[in-house]
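> The primary structure of each chain is shown beneath.
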Amino acid sequence: MPFIPHTDADIAGMLDAIGVDNIDALFDEIPKELRATALDGVPAGLSEMEVTQLLQARARADGEPTCFIGAGAYDHHIPAAVWQIATRGEFYSAYTPYQAEASQGTLQVLYEFQSMMTALTGLDVSNASLYDGASALAEAVLMAVRSNRKVKQPRVLMPRTVHPFYRRTVASIVQHQGVELIEVDFDARSGQTSVEHCEAVADEPFAALVVPQPNVFGVLEDVDALTDWAQARDALVIGVVNPVALALLSPPGDWGQVGADIACGEGQPLGMPLASGGPYLGFLCCKQAFIRQLPGRIAGKTEDLEGKVGYTLTLQAREQHIRRSKATSNICTNQGLLVTAATIHMAILGAEGLERVAAACHANTARLAQQLCAVPGVEPIFSAPAFHERALRLPAPTETVLAALAEQDILGGFDLGREYPELGSALLVCATERRTDPEITAYREALASAVALANAA
Amino acid sequence: MPFIPHTDADIAGMLDAIGVDNIDALFDEIPKELRATALDGVPAGLSEMEVTQLLQARARADGEPTCFIGAGAYDHHIPAAVWQIATRGEFYSAYTPYQAEASQGTLQVLYEFQSMMTALTGLDVSNASLYDGASALAEAVLMAVRSNRKVKQPRVLMPRTVHPFYRRTVASIVQHQGVELIEVDFDARSGQTSVEHCEAVADEPFAALVVPQPNVFGVLEDVDALTDWAQARDALVIGVVNPVALALLSPPGDWGQVGADIACGEGQPLGMPLASGGPYLGFLCCKQAFIRQLPGRIAGKTEDLEGKVGYTLTLQAREQHIRRSKATSNICTNQGLLVTAATIHMAILGAEGLERVAAACHANTARLAQQLCAVPGVEPIFSAPAFHERALRLPAPTETVLAALAEQDILGGFDLGREYPELGSALLVCATERRTDPEITAYREALASAVALANAA
Amino acid sequence: MLIHEHSRPGRRASAQAPLETADYGDLPQALRRKRRAALPEVSELQAVRHYTRLSQQNFSIDTHVYPLGSCTMKYNPRACNSLASLPGFLARHPAAPESHSQGIMACLHELQDMLKSVTGMHAVSLAPAAGAQGELAGVMMIRAYHDARGDHGRREMLVPDAAHGTNPASAIMAGFTVREVPTGSNGDVDIAALRAAVGPQTAGIMLTNPSTVGVFDRNIQAIAKSVHEAGGLLYYDGANLNAILGKVRPGDMGFDVIHMNLHKTFSTPHGGGGPGAGPVGVSKRLEPYLPIPVVIKGDDKRYHWLDEDDRPESIGRLTAFGGNMGILLRAYIYARMLGAEGMRRVSEFATLNANYLQARLREAGFQLAYPERRASHEFIVTLKKEAKELGVNTMDVAKRLLDYGYHAPTTYFPLLVPECLLIEPTETEPKEALDGFVEAMIRIRAEAESDPETVKQAPHSLPLRRLDDVRAARQLDVAWKPAADNA
Amino acid sequence: MLIHEHSRPGRRASAQAPLETADYGDLPQALRRKRRAALPEVSELQAVRHYTRLSQQNFSIDTHVYPLGSCTMKYNPRACNSLASLPGFLARHPAAPESHSQGIMACLHELQDMLKSVTGMHAVSLAPAAGAQGELAGVMMIRAYHDARGDHGRREMLVPDAAHGTNPASAIMAGFTVREVPTGSNGDVDIAALRAAVGPQTAGIMLTNPSTVGVFDRNIQAIAKSVHEAGGLLYYDGANLNAILGKVRPGDMGFDVIHMNLHKTFSTPHGGGGPGAGPVGVSKRLEPYLPIPVVIKGDDKRYHWLDEDDRPESIGRLTAFGGNMGILLRAYIYARMLGAEGMRRVSEFATLNANYLQARLREAGFQLAYPERRASHEFIVTLKKEAKELGVNTMDVAKRLLDYGYHAPTTYFPLLVPECLLIEPTETEPKEALDGFVEAMIRIRAEAESDPETVKQAPHSLPLRRLDDVRAARQLDVAWKPAADNA
Ligand SMILES: Cc1ncc(COP(=O)(O)O)c(C=O)c1O
Ligand SMILES: Cc1ncc(COP(=O)(O)O)c(C=O)c1O
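Residue numbers (our numbering), protein chains in the order written: chain R, -17 to 439; chain G, -17 to 439; chain C, 676 to 1162; chain B, 676 to 1162.
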């Protein structure tokens, strides 16, 4: 009985205290005909040793390819200290800090996280996480629609330069809440969403404009112009940002004349391993005025009976456990452990460290793009400046090329053509600070032969 | 400046407080001509990311061979909890518990370890570790010589069935302390050290007899007879034991009429990874009467000012920091972290768990031996019962066979012939509980072709 | 002390970033940050020390008995963490091709299968990131089902008053209205009220069984019949699966949709508030609507992802990359260690512990909310008598329990039971721990009688005394700002 | 509570052993154990909780400032642990063939080279398991050298009175007699006494420089000359290498042999008392005697072990498998992160911190043992005035420091300074930590004046009050025994 501490003597004594003969009697309120007998689909238990051998084999099976994919999840270095501390039992095996006095560790971490996220985004307040960047954008959209006191129409402009997975997630989550998502096209040459593109779809009032920075192509949007334009029309502006990019880029709080109203994004670049896509963490920050519409946990500073500083969950009246059907969101369990990791990660790197990471990724990707464009027929798709990712056009079908690269244990990038057929054979590449020059060179060589092969076939 | 927290302002303030202009001035008592300028052999610093990439490459370079080597270090399963807890900062980054009140974690662990080791060995007291099994045997030999009040001659009988590395280590360490080590031969058929073999070299009084159980061949010695024989001659008996084997085998405290006097051995099977040979831990237990001759730290139970139970280092007057040149040993830093791991390991496995591990290794090795002996020309060397290791004779040179196996990522065993030329082409094999039937089969097949190949050449 | 207070300008953990700053001069000046974010500037040791010490201020399963009802705070096997953290798993990019994903996909596929077997459902998607997202997915599938049949009038979701707050909140997010169904005094759903409530407007009902009051609803078959006959579907909130694992299956009870809280029943870490994983299981008719991605095993014996193209009727994508994979892996590892037999033991011993604790507390004179009922894996004590007579309320008792080294049970939930403690000991606590808890409760009651202030001012032995929640909300301070910003 | 007290007969962590007991019927009955060892029987959660909570009762670098003199309690980079624990490193059997060892051997070989460079020695062996074993190896090599030259009369080892206890103990183990050399009042070795002590019986001298009183012996060249001229060799106790890393090299000072404490200067974990690693470096004439194994890089560009066969004059093997490889790896990783520049910074900032703390304490009125001298990386405060006037001794102050959250410095060592505190802040502590320490010392002195009992009864804020060492030794209890055994 793995993990069960009961001895025969314990069991006998406990049954006796309850006054039943056997454990089965405790289930006697369950109608007999419902009682399950077998769990056919569940194999017999394994020892930890056996399951270790199994999982090691499974992990090994997936190889150790070199990763040039970005597209929303980035292969950054994570200081060893981050997860050694985050997985300490006291963080790992505690739950939501409902008993504040017994949870100061977690609560202070949340408060520090919120402080760091507001510093990065330049906004006033932050919640203590949502599931991931895409669901955070969905919550941001809902929040904006609720918050905009001037525009009551639940209409939100959503540029096509927002990551397609994000757009689909938002669509799934908001579909039954009456929100209308209006696509905004992008400039085929620059890769940017311009004010003109927005104008084109904005004949009716809209509650919010979403502004990705950088956008899915890595391209930098003219965030100031977009922000001013939308706010002039009484819409709120929602920035979707990469927190590492924010080390170099203007924070949403500084966009335009008065700053974006809401910022959200994916926290993965702040110390989370790629891990097949999760767990990551969604962050969501806003101006003070909107705090009561902010979904999710918020930790606040307070004092104890003796006046000592402490932290506690606050503004819980926004949440489902108090407000039930009138809550700002249904979220309950969030991404606490990832918040802990992100907080430690940011504390260790500091603003300067993040800046160096961002700069290194940026420079590495520039070098990568340059090298790959040395392969005949490979060329950049967009002209506008981009941060740490680059969209390239290939002279052969992306799928074929990626498969050939994968055979050499190179994950060549994200197939943009699938999502943007108008771009043709298009590939989004990224080289984080972890990618080395030999790896970049190896990629170029592999790409050259993959292209040659594909075109020969 | 990795790991150095000083800001420019800190440095200026500190220099000011000291009253010097620069840090270099603090070294002004060092004669000028001695000051080093460069560290030519030390490359420039790397970031953690770079060193991670380097070490990952190095670790990968050594492959993931299947290990059938035992010979003193065993590939056991280690519960994941063991090292996750042992490497918690509070254990990992503390030192010897000189301040008992601030070190109750470590001290109680030491006391529990001592309790577990006395339970396993059946002796009264244990120290809190020595470097490894071999150096523990050296200390045991010295201790026995000091402890034997009846036989003053510093002569110790050392069977050749004691692991050759242990014998060499003992020889190195005791060589200048006047101890005479007398080799005892073994029975070529059984692989055992018999009383007759001891008799043959024992015309003069001796202070102690070393008894390995199991011996280096895995063979079980007749410990009761040897113990009684030696003790009848006023010698002390030192058992060298494998702690996992002790889950099944008679503990030294039970050997013969009154039990062995001292037991020592290698703690590695109790939760330490193979890790190229260390850090492991040497354990050393003895009868109460000899405690003042026991080298190394000992934790003892006591009370605080208010009568609460606590633990502290005790009997420190045996140690170098008090007794200096008259200490029982020079040991200071021991293997504390490994003691922590071993203690957690034993707590999790319990006596029954260790028994199952021992039985599984034993059965696996039996199966392995049987399978390998199906290869023509391969045969067991010794006839006596053995625990979890087996000496086999090969029909081809061991070195050639091992090299061929290694090419298939199989580490076939320990080359006994190098140490015991009289055994010819001899191999010591071991299959712990981690070795699976497919691995064993693969070994047999690889051995068959390796032997065939060697004989063809 | 905040990490920010350890900060000094120019201090760095300099092994942790590229040693030099690469060139980024090509980024347009106008789009660049004007001043550095006010993140702390500390050394690596300072960060390690700060967060190590902070961690020590938490109660957690690894340090304390933590009988938080509805949360299943049981032992999180350490192997789940270390194996899910094998380098191969951590390094895998979510967009890695299937050629480099067969290992993890095998785990996910087997997990889907095990969850099907455990719940008695036809198909499973692992996508939802936590319980609440599983609920949302579940009710969205109910909606999709009705909509696909042109049955557009079904816009009302029934939710028992005892339900967790996420249930009504999720129903709203899926565009339903919520109608509450009362709980009878015996803890079962008031079946007459239910019958009166169902109708052509009924999209479905969200239930958990055992319910959040800790009893198994004996009328579940009648409930199912009544809702199904009215054309509604049954949604199962899997938060309480630990009580019935291997004993009774939601699918067999008549549920059409279920979410599971893997961070509860399957013992993945609660992490100070997540991450969770909230897979959904459905009956055959709902399969097309499952959120994507789903893993299938092809005829080629290889694993494949099903995405939007393969599942055009899917309710869609709930996170960018398909869910909390690392948590799913942990659950998979746990499930493999348990095996079928181990799973049955989980519910048996969770139930044994709860009933034993209930019996002991009853014997000690505490009032049970449903004294006639068996406990499931949890049960409710109501302290309304103590509150009235001694002026010591549930929160006071909860805080005082902390002084005795026990994390408090869930307080004031479910809302329908006054002054309640929802107590869930879980199967991994030994009898001694339960006995210790009973003893602490007895002592606290004695204190409440002799010296109520001690209880009302608790805790006394923790680093902080009782915290002022009202002040936190009134004088809102939710982020540290640099002095310059404050000035 | 001991783990044994959580034990109940039949309780098990059953995921952790093979699920069934295999057959071992072939083991002769007479050699089998008659009854099971009295190890605790606990669940996995109980073990995890017990040891997690125990750990919290330790002061450690990761939680507290730990200025323990002579021990170099600096930050242990977490990467060293995780990288040395890469599966490939952990799984390698010590007897694995060189074909499967090139990766780790490359690390070891480079570590040998770096240590040579840092110490100025000609050759290095990584074999010794800790400092004391390094000392033993060192003096054994001195002996082997004299013996090989037929110089058998050299049986006396000179050891300063300030030396660490391991020095004389190691000399004895190598078969030497020990002659103490006094320390002058300025902290340097009494050179006249030394000159008087050397002679044809002198095998060598064991020194550390800076010495254990925390000052750099300015006469080191004269000492070396005097000992060398008498035919003796110089042994360097590397415990204090942190003070001079990259600044001055023992080899350049004239030392013939050195051991290094990697768990100090190279920041491998102290682990609650080890493991350490105590590599030895030697001048060319001693190379043949180095303990085995040694790694060399062959002409084939591959790495090879040198063992007994290759090094017939070696003093031999000191552990079965050649040393604490995992610790050597950690030191290697640390050294690579530091690089040459980082190493120099280590000694510079360790020295800056010590001198700053010394200056502040002096200014606060504490008496320094060597007030005229620069501190090296550590220095000595003597509380003999306080002890005499206030009746509060060094141990009392040490215990009271714990209440203020500081681990105590080393007390009562070196023995020649009365009521001494040997204080080594290390380079990884920030200025604020040092200022806090000074403040605590000032407060404690004030308490000693106003309320000496508070200091004499300290600590007050830890889980335990002051422990009774005498009782521990008198009523010896060094192992828990099952009740049956006690009866
Ligand atoms: C009964 C019940 N339902 C639903 C939930 C929501 O699950 P989650 O917190 O994972 O979103 C919870 C957990 O808190 C619960 O207890
Ligand atoms: C000066 C000095 N020499 C030698 C040693 C012995 O080193 P180890 O404890 O590693 O055996 C120590 C450490 O404790 C020391 O401080």
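Keep in mind that the hints were calculated from the coordinates and are not lab data. Just so you know, not all the hints are guaranteed correct.
To be verified - Derived lysine-lysine pairs resembling DSSO-like cross-links, with alpha carbons at most 27 Å apart: (1) G:K269 with B:K709; (2) R:K290 with C:K900; (3) G:K132 with G:K290; (4) G:K290 with B:K1156.
Just so we're clear, the structure is a prediction, and the values are computed from it rather than from any experiment.
> Of the hints stated earlier, which fail here?
2 and 3
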